[in-house]
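Q: Using the hints, position chains B, C, D and E with the ligands against chain A.
Chains as they are written, first to last, in the numbering used here: chain A, 1 to 310; chain B, 1 to 283; chain C, 1 to 283; chain D, 1 to 274; chain E, 1 to 274.
Honestly, the hints are just simulated from the structure, not real lab data. Built from N, CA and C at the ideal position, the CB exists for glycine as well. Just to be clear, a hint being listed does not mean it is correct.
[To be verified] Restraint ranges, calculated between C-beta atoms of paired labels, are given here: (1) E:PHE30 with D:SER41: 46 to 52 angstroms; (2) D:ASP72 with E:ARG255: 56 to 62 angstroms; (3) D:GLY122 with C:VAL258: 52 to 58 angstroms.
[Unchecked claim] Below, a list of computed lysine-lysine pairs in the DSBU-like style, where the Cα atoms sit at most 35 angstroms apart: (4) B:LYS280 with C:LYS108; (5) D:LYS189 with E:LYS260; (6) C:LYS108 with D:LYS260; (7) C:LYS280 with E:LYS189; (8) D:LYS125 with C:LYS280; (9) D:LYS171 with B:LYS280; (10) C:LYS280 with E:LYS260; (11) C:LYS280 with D:LYS119; (12) B:LYS280 with E:LYS119; (13) C:LYS280 with B:LYS280; (14) E:LYS226 with D:LYS189; (15) A:LYS292 with A:LYS302; (16) B:LYS280 with D:LYS189; (17) E:LYS260 with D:LYS260; (18) E:LYS260 with B:LYS108.
[What the hints assert, rightly or not] A few chain C positions that, by computed beta-carbon distances, are all more than 12 angstroms from chain A: (19) LEU27; (20) ILE38; (21) LEU40; (22) TRP268.
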Amino acid sequence: LDEVSYGTNWLAQAEHGGFYQAVADGTYEKHGLKVTIVQGGPNAANRALLIAGKVDFYMGGPLGDMDAVKQGIPLISVASIFQKDPQVLLAHPDAGVEKFEDLAKMDTIFMGKEGYVTYFEWMKKNFQGFRDDQYKPYTFNPAPFIADKKSAQQGYLTSEPYEIEKQAGWAPKVFLIADAGYGSYSTMITTTQQMIDKKPDVVQRFVDASIEGWYNYLYGDNKAANDLIKKDNPEMTDGQIAYSIAKMKEYGIVESGDALEKGIGCITDERYKKFFDSMVAIGVEPADLDFKKAYSTKFVCKGVGMALKK
Amino acid sequence: MATTSLEGNPPLAPPKPGFFGRNRDTLLRTLIPVGVVIALILLWQAIITLNSIPQYILPGPLAVANSLYNDWGTLWPALWVTTQITMQALALALIGGVGIAIFLVQSKWIETAFYPITVILQVTPIVAIAPLILIYAPTTQVALLICAFLVAFFPILSNMVQGLKSVDHNLLNLFDLYGASRWQTLLYLKLPSSLPYFMTGLRIGGGLALIAAVVAEFAAGSAGAGSGLAFRLLESQYRLNIPRLFAALILLSMLGVVIFMITSFIAWLGLHRWHESSLKREN
Amino acid sequence: MATTSLEGNPPLAPPKPGFFGRNRDTLLRTLIPVGVVIALILLWQAIITLNSIPQYILPGPLAVANSLYNDWGTLWPALWVTTQITMQALALALIGGVGIAIFLVQSKWIETAFYPITVILQVTPIVAIAPLILIYAPTTQVALLICAFLVAFFPILSNMVQGLKSVDHNLLNLFDLYGASRWQTLLYLKLPSSLPYFMTGLRIGGGLALIAAVVAEFAAGSAGAGSGLAFRLLESQYRLNIPRLFAALILLSMLGVVIFMITSFIAWLGLHRWHESSLKREN
Amino acid sequence: MTTSQAPLIPAPGDTRRRPLVVMRGVSKMFSSGTLALSDMSLTVEPGEFVSLLGPSGCGKSTALRIIAGLGDTTTGTIDWPSSRINSKGLPEGDISFVFQEPTLMPWQTVFGNVYLPLKLRGVSKSAARGEIMQTLTTVGLQDFAGAYPRELSGGMKMRVSIARALVTKPKLLLMDEPFAALDEITRQKLNDDVLRLWHETGITVIFVTHSVFESAYLSNRIVVMKARPGRVHADFPLVTSLSRDAHYRTSEDYRQACEKVSNMLLEAIGGEEH
Amino acid sequence: MTTSQAPLIPAPGDTRRRPLVVMRGVSKMFSSGTLALSDMSLTVEPGEFVSLLGPSGCGKSTALRIIAGLGDTTTGTIDWPSSRINSKGLPEGDISFVFQEPTLMPWQTVFGNVYLPLKLRGVSKSAARGEIMQTLTTVGLQDFAGAYPRELSGGMKMRVSIARALVTKPKLLLMDEPFAALDEITRQKLNDDVLRLWHETGITVIFVTHSVFESAYLSNRIVVMKARPGRVHADFPLVTSLSRDAHYRTSEDYRQACEKVSNMLLEAIGGEEH
Ligand SMILES: Nc1ncnc2c1ncn2[C@@H]1O[C@H](COP(=O)(O)OP(=O)(O)OP(=O)(O)O)[C@@H](O)[C@H]1O
Ligand SMILES: Nc1ncnc2c1ncn2[C@@H]1O[C@H](COP(=O)(O)OP(=O)(O)OP(=O)(O)O)[C@@H](O)[C@H]1O
Ligand SMILES: [Mg+2]
Ligand SMILES: [Mg+2]
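Chain A extracted, bound-state conformation (with noise of 0.2 angstroms):
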């Protein structure tokens, strides 16, 4: 078996289903894998451990690889799993906000520097009205934005929309940026070139039984994995599990676009390059960004696994 960790970028939760599945069922071991899971959090470092080598893959991104290609860091993402970037932004049910635009009437956003970073940058330049007083750091807890109705906050599909209607007894308004025309690829296998150079069947097998895992998860019996991960996690809850599960299906994050033909983890050169276009049209990136070192699409789009979703 060859050993390899994957580095995550939260705590155990069912966003990161597939590969919990995948350790869980044997599907790595089938691969010759032996796979250690590096649970992310708030500050961990899991991309600086990525590229000091001590982990050998990481749930990356579309702009960190394209910001690594720019500061020479050769790393490269060989598939997405999420083919929509689950990032939201909520809003409150009675502020007025019907449409992703109204958005900018708000006086406060609440978000993590990283998206400031990034998708904020998007809706500065694609959307009227959205300004850097807006900008409020978020500390991962609710309370500012649920006191604050004349604000929004940013969230994860999956994770905040839940926990706000479960604790504040409303369900807030809900925009995925995604469907806002934010194209980004998302909880990507990101590893580094010399990986690629010296052991690419293991990065196959690995991205392969990672495919295979989330077919697995999605549809099959994902008990063991959802175990797994409440054992990572304590927090993890029956509910927001099954929760994240149906959002994830029915916002099609996993599987939309090409993931539909190709299999789930599908990258492909139109997609990205669409993307990366619409970051430099708001100069986010150089136009003369070698963006194509970001990634790399041999590994999927294969339609591995796609037999087992039922």
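A: Just chains B, C, D and E with the ligands now, kept in the frame of chain A:
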């Protein structure tokens, strides 16, 4: 101006402050803080009731107590982890702070050259260098301790430097005269004479070690089962489980107060026989 | 044992340490830290070269200098913002710390009752209560300052309490005898006599105020044009622009060292005429 | 220096006036368990010059502090029948105290230290300057007004402390071995200065000293204390019709006074292990 | 207490032995600008008992510290021709110093303070106990071994400092007004104790005092200093064939010695404003 005691004790008897007197003192010493805490809790409840603040913003004492009770199974191990890290951080900060302080006061040039470097270590934001530490530290535990040390050592160092430099020059003369070695002067003169400063450093360091443990866990800690209160805090926040957030906060505060009481007691032990700060004025 | 100076100065002339002598001192005082910094930079370069550490893990001094130069337009305003917050935090911490300390030492009961509460304020993790502060503070600026104050006040408070309690009992007697009011005793006796402790508190507080500014910005700051170094740090980290991250770190460190030098100078001003810690031993 | 005219020294126990201080059965036990004073009684009349003598450690300083209202008594009472008492339980009015140790503020110059009692009374620095410089001249420190205490010799520090006590022109002057660290000539001069002050202003002085000669020269009443526990061993007046000046020092009266004090002191210490 | 047999007091300037300390043209200027000593020269032979007298602030303490090797000189040199010099520039060997201030460690008991010089030499506490308690008995503090300095009276603190100096049985004893805070009887006893030590062990003593009587009683050489700047005004031997005991105090030799010292002191101070 007291008059002779009623029992007709001979005026020559040694001063026994009296069983009642002493008990009253200890009683007051515990009752007063407890009273203040109760008052604060009532105030807290009153604020919540008067402003009808919803629980997910600021939970009431009852909800927090409830959560403290219900989530004890999660909170207790986390508290224990945090306590351990705090103690280790404090120990490291003490050794490091005192050690570096002793090094710094060896000569004016050493101080000029290296004191600023300790300042740099202090002001470097942990969160920015945590990844570096994580990369080069052999284990997460070590990384955690490095972070905690960086947060907590400076006040101890700084107080210790001031203490070591505040030694009475006449006593230094005396030690020189008797041919005391550097080591002896340090051990028998400089260290004892800087105790009042050290104790202040210790008191600050105790609280800061706790902060350090929390910050280090935020920055470099591992998640999941082996995690401390810091993680539980963030987690509860993320889950909007605000009562539990406050339960964790209260545990942290209590840990802080306990550490403070212990360090205060140590300070009292070291100073009450001779130093103004811990002596009752008798004339 | 010096012999008469070569210029044949009359032995009665007042002691002019000599222009050269004084210059040499100032020269050394600046040259030595500069030398140490240069040595550190060389060491840094050496480590990178020897271990061939890639720039995206630990950039070399040159890359950082480059980034410092190229990104000056972004970094300079951020540095300025952070400096401002730091100064405000320090001012608040000084006022608050000294004020609370004076309140605490009014009586043993007040101290017993309220000192623990200041400990609670200190150990409460900012990140956990930042949301509350954000909700109730009228502006982000105020929220920022509250956070910064909470981080920085305790060492000043703690040192000040110790200083106020370390006043010579004989001098207290003297003041009592001359019928000094509480206020006079505070102003003319307790405050000056606790200067050495205050100065230590100030030195720690200076560094901590900078940390406080960074932490506060992490927890409650605003972005964009008005953002400080903390935000730039995180941004660079997120963007994997490690040289710029280190450039920001170096600016922070330099700000820290400058604050340290200023506070040290203030300490020297206040103490060099009379306190052991700043006096040369002359006999 | 001589005292030009010698006003009649008020006899101790002048009953027309109320006593200034009355110590009644005072005991003082420190928390360490040392019984410093035991059942000590002493009445001081206004205008007296009382010298307190006794072996080292017998409680002179403690007694003096208690008279000044510093520190509680364990049993017994202190009264100041002719003074008002302020909120701290200390007698109001012009008391000055020269402690056994100089007790100077190290962060103030000599000038600042002497200025202190006036500052506490709200006298401005400029208004006080003349007075302060004059008092500093009395103790021979006019050139050191700007020096810090740690730049002074032991005797100079003590003289600053004396100047601080004299600058307010107190009504009651308590001095705890003020001249012990001074050379005989300076000491003699200050003796005369204090005597003159006493003569001219009719103040009350309580004076701790180890010098039999000094006590005999200065005081019109001597109190000798015994140690372990501290108490009054002898208390007697020293009356002379001579003015106290250089001549007095060679007079028979003075010799007799010295002998008497000396004997009492020997008695007080006698039999004790020292 | 009397000194039973009086060995011949070695005459000062005994040329067969090398001098113990030689001060040559020493000036000392403090950074404050005060010139404490100016061109002071002094040679002390082994076995001498030198008293240093002079007005307050004339530089006695400074001179004594410089002799002990504490503090640099501004010009001039100090030699200890018969001692080795250690790495700190201080003479090796048994010097003890009683500073003008008690200079006790406040965190140590009386016992601990007296134990210090022995501790620094590596003597264990149990081995030192007997010696320490005996020395404490000499100064009358046997009952206060466990007390902390701040529980002591001024004179008691000074006695602890004296005990600390005596406990090592030093070869050179430097004392800066050690007995100023003590009552005459204790002082007399300690005078005799020091004299006996000097007789019995042949140590060298340099002794600062303000008491003319004390200096005349104790020393076989008197150095009178003048102030501003500090320098030697007079330096003369005091030779007597009498043993120094109670009888000596009433002898004509003693009276003459006192007169001589007194006159010299007056001369040294004369004309100065004090
Ligand atoms: N703060 C204190 N705590 C405990 N004991 C004390 C304190 N101050 C004084 N004593 C004790 O009280 C006794 C009397 O002390 P006091 O200072 O009054 O003596 P004194 O007569 O002034 O002696 P001296 O002439 O040496 O100054 C001594 O035995 C001393 O040990
Ligand atoms: N640390 C110091 N800094 C500056 N000046 C000093 C210092 N110590 C002493 N002096 C000055 O040096 C002079 C001599 O002081 P010294 O202590 O030697 O006098 P002394 O003869 O011992 O006097 P006393 O009998 O009063 O103790 C004094 O004028 C004093 O002001
Ligand atoms: Mg006394
Ligand atoms: Mg002196």
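Q: For LEU40 (chain C), is the shortest beta carbon distance to chain A beyond 12 angstroms?
A: Since the minimum Cβ distance to chain A is about 23 angstroms, LEU40 (chain C) lies beyond 12 angstroms and the statement holds.
Q: CA of LYS280 (chain B) to CA of LYS189 (chain D), is that 35 angstroms or under?
A: 39 angstroms, violated
Q: Can the restraint linking LYS189 (chain D) and LYS260 (chain E) be considered satisfied, given a maximum Cα separation of 35 angstroms?
A: 20 angstroms, holds
Q: Within a Cα-Cα threshold of 35 angstroms, do LYS280 (chain C) and LYS260 (chain E) meet the stated pairing?
A: Violated: LYS280 (chain C) and LYS260 (chain E) sit about 41 angstroms apart, past 35 angstroms.
Q: Measure nothing beyond the straight line between the CA atoms of LYS280 (chain B) and LYS108 (chain C); if it is 35 angstroms or shorter, mark the hint as holding.
A: 11 angstroms, holds
Q: Range hint 52 to 58 angstroms: satisfied by the CB atoms of GLY122 (chain D) and VAL258 (chain C)?
A: At 42 angstroms between Cβs, range violated.
Q: Does the Cβ pair ASP72 (chain D), ARG255 (chain E) satisfy 56 to 62 angstroms?
A: Given range 56 to 62 angstroms: violated, Cβ gap about 49 angstroms.
Q: Take a quick look at whether LYS125 (chain D) and LYS280 (chain C) sit within 35 angstroms of each other, Cα to Cα.
A: Cα-Cα ~31 angstroms, so holds.
Q: Tell me if the beta carbons of PHE30 (chain E) and SER41 (chain D) are separated by a distance inside 46 to 52 angstroms.
A: 49 angstroms, holds
Q: Checking one constraint from the list: CA of LYS260 (chain E) to CA of LYS260 (chain D), max 35 angstroms. Satisfied?
A: 28 angstroms, holds
Q: For LEU27 (chain C), is the shortest CB-to-CB distance to chain A above 12 angstroms, so the non-interface label stands?
A: About 41 angstroms separates LEU27 (chain C) from the closest Cβ of chain A, which puts it past 12 angstroms; holds.
Q: Run the distance test for LYS280 (chain B) versus LYS119 (chain E): straight-line Cα separation, threshold 35 angstroms.
A: Holds, because 31 angstroms separates the two Cα atoms, which is no more than 35 angstroms.
Comparing the model with each numbered hint stated earlier shows that hints 2, 3, 6, 7, 10, 16 and 18 do not hold.
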